[in-house]
Each structure stands twice: as structure tokens, then as C-alpha cells.
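Asker: Each chain is listed here by its residues.
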Amino acid sequence: MRQINRWLARLKIAHKLILSSVVFALPIAVLLYYVTTQYQREIQTCQTEIAGTALLEVCPGLIRDLYDVEARASLAAAGLSTAPDSDEESRRRIQNAVATLQQDKHAEAQSLIERLGSLWNRLRDSSTAANAAEQASLAGQMAETSAKLVPVILDDSLLILDSELDTYYLMNVTGPLLLQSQTAVAQARSVALRAKARGHRLDASDLSEIREQCGALVNTIFPRMRYSLETAVRKDKLLHKADSTFQKNVPPLFEKYLAMASQLSSAARNDAAVTPDRLIQMASAAEDAGVTLGETSVKELRGVLSNRIIEQRRSRSAALLMTLVCVGLAAGVMAIVTHNITRPLDRVVSLTADIAAGKVNEAFGRLKNGEFREFMADDGSAGHFRTRDETCKLIRSVSAMTENLNSLLSKVMEACNLVAGTATQMADAMGQVEAAISKQASSTNEVSATSKEIYATVQEFSRTMSSVMKMASDAAKTASGGVEDLNGIRSAIDELIGSSATLIGSFESIHQKTANIDKVITTITKVANSTNLLSLNAAIEAEKAGEKAGGFSVVALEIRRLADQTAVAALDIERQIREMQQAVRDGVSKVESNAQQTQASSMAINELSSGLGQVIEGTAKLGPQFEAVNSGMQMQSQGAGQIAEAMVNLRDAATQTKASLDEFRAVADVLRGAVGDLQGEVGRFSVAS
Amino acid sequence: MLLLLFQAGNQTYGLDTRHIIEVAPYPVCTPMPHAPAYVGGLATWRGRTVPVIDLVALIAGVSARPLLSTRLIVVEYALPDGRSHPLGLIAEKAVETIVSDQTRHEPQKVKIPDAPYLNGTTLSDGRLVQQLALDELLSAEVRELLFPESEAP
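First to last, the sequence lines map onto chains H and P.
Terminal number for the first sequence in this note's numbering: 696, no gaps in between.
Terminal number for the second sequence in this note's numbering: 156, no gaps in between.
Hints are computed from structural coordinates only; laboratory data are not their basis.
There may be inaccurate statements among the hints.
To be verified - Okay, derived cross-link-like pairs now, PhoX-like style, lysine-lysine, Cα gap no bigger than 25 angstroms in a straight line:
1) H:400 to H:375
2) H:244 to H:255
3) H:526 to P:96
4) H:533 to H:520
5) H:23 to H:400
6) H:255 to H:459
7) P:96 to H:533
8) H:242 to H:306
9) H:551 to P:96
The structure presented is a predicted model; accordingly, all values stated were derived computationally and were not measured.
Could you build all of it, start to finish, from the sequences and the hints given here?
Answerer: Structure, rendered in C-alpha cells:
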């Protein structure tokens, strides 16, 4: 299924429509074939039947003539009749009938016809009075054979199987019933002939036999014939509805035949004194009427069949013609429909392809040039040309869409340009505003910082002023008390200076004494060193002297040990002396520096004492002035603080404004980017201005 | 055997007293220009001029400090050609002698090319004393410098 769909998808719509037309035409063709075949078969059947009727036509006359010949031959055999001249006419008609029959080619009838031919040859050859009995027998056999031949012919010619009702009933009349009636009439005439040959009188058995034959004829055969004939006429009227020659000709002949037969029957039954000649004459007339009826019926049957063939042929032609015309009409309609569908579709496809490729202006130009005018409502009056065709609707929608798209794209492009220009201007303006705000912010920052500094400085200054004022007042108080104390301190310092001089003197004497001790110790150390040196040399010499100087070496060792101890003790004393000297030196330097500081303090106290007096006086004057300055400072400080706060607020506002501007610029950038994208997208389409 | 002990760079060394003529106080030395650093110069000893070797400089690489215990050791230096000449050695802390037991003397096992004068060790009173070989004290160049052959006695 999917493969079929895939294969179908490769075809164009026109090809698909042609394909479906072909698919629909196929069963019609098959149907047409069967219909024509059926018609052909019917025509063939009718032709066969017509051929059969040609044989059937001769049969009633043949049977009548054969019975005639038989009767005359029987009379001749009995020696009663001597009129062979009447025989000649019958024999000539038999000759013609047999020749007609022998032209037939039916397989089943062939043996009977051959037999008929051979019998006829024998009969014709033995046409002498001597063998009249044999002639009668031959004629009888031929009559029987002919009677057998009729059903076979009917069978072979498919007349029995005919489905058409009028011909069926007509055939029934023409074939078996007429055969029976003719046989009955012929036998009645034979009886009359034999009676005439015996002596011109009809006895009771003859009459009863004739009555029997006539009774069967009138009571059994004729009602059936009448019924069949009436039915045939009724059906013929029903089928053909026209006053055909059959309807006009056959019933009167039948009535005549019936009248003749009835006359014969009533004569045989009612008139006991009827003569054989009279009966023979009546029977012959009835037979002739029967033959006429048979021949006319067969003719009419043939005519009906011929008409049927003509009708069949006409119907066949009509069916063929109508089918072909219908198919052709359908093909034409299909072609027109296909053309109507595919032509605008192709154009719409090319138009939409243009639009898809972005060539909107070309598509719009094609629309303006009236390429689709035939599908549009003419002159743009929408209500005038109403259509239910989807293609037209599609084209209208596409054209409307194209126009809308064109105008939309034009508007979008204009809007894009406008927005882009505006965005650029906005960005420029924003840049200027931002620069201004930045400047303002920096100025504000500077002012703020400056005012903060002022504030801080003023605060600091104010604090300093306050503390100075406080200190000044304190100092004034302290100074007044301190002047008295200073005098006491000065006298104490003077005493301290005196005692320091004494202390330095004593330290000097200690230093000198320790210097003396140091000299002594140096001397001791040198002695110890020399002693050690001496003892070493002594030991070396003693070693060189060997064992003899053993005691000397011991003495040298002891001396060296003594010298060493001395040196150690001297070293200890020296160290202590040096420490003491260092301590004395430190003490002297400290005392000296103390004395100097004390003297400086003394001088400073003097200066301070005199200065304090001035300070006390100045401080007393300073107090109120400080107050005034301080209050002014406080106010300035507050003002600076307020300025700083205001500046901070201003800066915050500027920062917020800048942030807002940043956001705004970001939004504007986004907008510009979006517009750029949009322009790029729209720029794909070329638009008719 | 009697050893005169001295110190160089915190290490105690011993010198056989058999070659020592005298131990004298630290002298005033006249330096010899362009001589190796351990050559102290020339000193006057008992009216004679003797070349002086600074043992501290030779062994430890630092000049001897002028302390009371820094002394001049005058030895009889035997030259290879059979001559002998007094030679002054300056050493720090040369204030003690010890008697060295020969059985406790350990001969030198490792010969150091830059210090051929080391001649085994002796353990004395828990101290390890390195003994000096006087013959190996001077290299051939220094010996030639200090005792030229032309100056024969």
C-alpha cells in the first residue's frame, strides 16, 4: 500500500486522473464486449431459425401432397381410380419440396431427408399402374417421414428453444399443431376417397372415423391452435406494439381454416346422406386453407425473426454507439476537468515558488498583470462570479495572500527602517544623556567629597577648638595652682644637683682605685705566663735529658700547674674588676645625665613659671572668643553635613538614572538587534513598491 | 714520648718534643711578601733570624690570634739533604704537654694529599690528639723558598 502511494506521489494530478479514467473504462469495455457478444449470439440464433423456417414452409404442402399421392395410389391399386393427371401436379410440388429439403445441411435432419429422397426416387421411378400398391406404401412412408422431420427441423433450428414468446407460440401453431390438423384432415379425406372408390357411399364406419378425426381436430387441436395464436398475437402486440403483417394476416387465415374444418366436421356428423365427393372437396379445401395458413405463418414467422435481427443489430449498434459516445464524453469531461485543475494549479505553484524564493514583487506584478484574471471575480466585483471550485478559491486566496504579504512586507520594511532609525537616534541621545549624567555624577562626587572633607575638617576643628578651650580653661586653673608648686620643685631640684656632684666625685675615686688593681693583675698574669713558658721549656729539656732528669720534669710540671692556677685566679679578679669598673662608669654617666636633665628641668621650670603667668592672663581672655568661633563652626559643620547628604542623594539619583539609562540602552540594543534580524528576514523578500 | 699540645680551629694537635729547641713568647714577625698565607714571615730568636710558619693558618686557614697563650715553638728542622735549620712555628694554646703512650698511638690510615703532615692519633685523657709529622710539614717549594740551597752553613 505504501509503495503504491509512493508510486502515485510521483505522478502529476493529470496523470492520476487519466489513470483513474482508464481504470474506470476497463470494466465498461469488458461489459461492452459481453453485450455485443450476446447480441451477436441472438442474431445468429435468429438466422438459424430463419433457415429452419425455410424448411418448415414446405412441410405442410409436402404432407398434403404425399397423402394425396398415397390416396390416389391406393385407389389405383384397388383398381378404382384412373385419373393420374391430378397426380402430376402433386408429384411436381413434391419434387420441388424434396429438392428444397435436400439443400439443408442439418446433421440430425440429414438422415431423414436422405431417406425421404431415396423413397421419393423409388416412388418416382415406379410410376406405373402395375405397382400402385407399392407407390401407396412409399407415399405413406414418406408422409410419416415428413411428419417425423418437422420436430427434428424445429429442434435443429432452435425454434423450440426460442425464448421470445410471440415466435414461440407462432411456431407452435405453424409446426406440430398444424401438422396434426393437416394429418387429421388428410386421413378424413383418405377415408372419403376410399369410400368413393368402393361405391360412392359412405357406410357407418367411414362416417364414424371421419367424425373421430374431425372431432379430435375441432375439440383438441383447434382450441390449442387458437390459444397459441391468440397468445402469440397478444405477446407480439406487447413486445412490438405495432400492427404488424403477422397480426393482420394470420388470424383471418386461421379463422378460415377453422371454418373449413368445422364445416367438414359438421357435415360428417350431422349430414348422414353426405356424398364422399362432397367430403373430399371440403377436406381438400380445408387442407389448402391449412397449407395457406402454414405458409403464411412461416412467412410471418420469418418476418418476425428478420425484424428481430434488425432490432438486435440496431440495439447492438445503439449500445456500441452510446457506450462509445458516453466514454468519449466522459474522456472529454475528464480532460477538461483535468485541464481546469492542473493549469491554474501549475500557475499557482509557480507563483508560490516565486513567493517562497522571496520574489514577492514579481509575484505581485504577475497578479497585477492579470495573469489570473480568468479565475478571479471579473473586474474585482466579488459577488458577480461566484464559484464553488476549490482551485479558483485557492487562486483567490493565494492572490489575496500575496497582496496582503506584499503590503505587509512593505509596511514591515518601512516600520523596520523607522524603528532602526529611531533606535539609532535613541542610542545617540542616550549616549549624550549618559555622558551628561556621568559628568554630573563625577561633579557630584567631587562636591560630595569636598563637602565631606569640609564637614570632617570642621568637625575636627570644632572638636579641637572645644578641647583647646577646655584645656585652656584647665590650664588656666592648673597654671594658677602650678606656679606655687613650681617654686617648691625648683628648690628640690637644686638640692638634687648638689648631691649629684658629690656622687660623681665618689665614683671618680672608685674608678681610679680599680685602675690600679687592674695594673697589678696584668702584672700577675704576665708572671704566670712566663712561669708557664718556663715550665714548658723545663719539661722539654727534662724529656731530652731522659730518665736522669725525671725528678726535674716533675718539678717543672708542678711549677706549670702553680702558674696555671695563678693565671686563672688573676683572670677571675680581672673579670670582677672589669665588671665593677663598668658599673662605676655606668653610674657616673647616669648621674651625669641626670644632673644635666635636672638642670634643664630647672631652667624649664623657670621658663614655665614665667609663661604660666602669661597663659593665665591669655586664657581668661580667650574663653568667650572660643565660644563664638565654636558655635560658628558647629553651624558650618551642620551645613556641610547637609550639603554632603544632599550630594549623596543627588549621586544616588544620578546612579539610578544611569542604571535606568543602561537598562534602556540594553533594551534599545535588543530592539535594534531584533529590528536588524527582522530587516534581514524581510530583506529576503523583494517587494513591489 | 712527650707531646706539646696546641689548638688550631677547636682541634687539639700534638708535636713531638724531641725536635723542639725552645718554646718562646709570641714574637714580632716581619712578613714575607708574595709568600703563602701560612708563612708568617721572619722572626728574631736569640739573635738569629728564623723563618716562621703559622700552624693555625696552615691547618685551619685562619691567622693565629695574638693571645698570651700564642707562642713561638722553635724546632730543629732537618732538611732532606742532611742539613738542619731552626724553624719557628706559631701555635695557639701551646701551654701543656702530655706523655704519649706508644701503644695507644693509631697510625694514619687515610693519607690526605693536601695534609700530608698528619701522622696518626693518640687518645689522652679522653681527648683525641692528632700528631704532626714535622718532616712533612713543608712542601718542596716552601722548603726551597725558606731554605735555599745556596745558603749552606
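Asker: Are the hints correct? Go through all of them and say.
Answerer: Structure-based check of all given hints:
1. H:400 to H:375: OK: residue 400 of chain H and residue 375 of chain H at ~18 angstroms, within 25 angstroms.
2. H:244 to H:255: holds, 11 angstroms
3. H:526 to P:96: The hint holds at about 24 angstroms.
4. H:533 to H:520: Cα-Cα ~21 angstroms, so holds.
5. H:23 to H:400: holds, 22 angstroms
6. H:255 to H:459: violated, 147 angstroms
7. P:96 to H:533: Since the Cα atoms of residue 96 of chain P and residue 533 of chain H sit roughly 15 angstroms apart, the hinted pair holds (cutoff 25 angstroms).
8. H:242 to H:306: holds, 18 angstroms
9. H:551 to P:96: Answer holds: residue 551 of chain H to residue 96 of chain P is near 22 angstroms, not above 25 angstroms.
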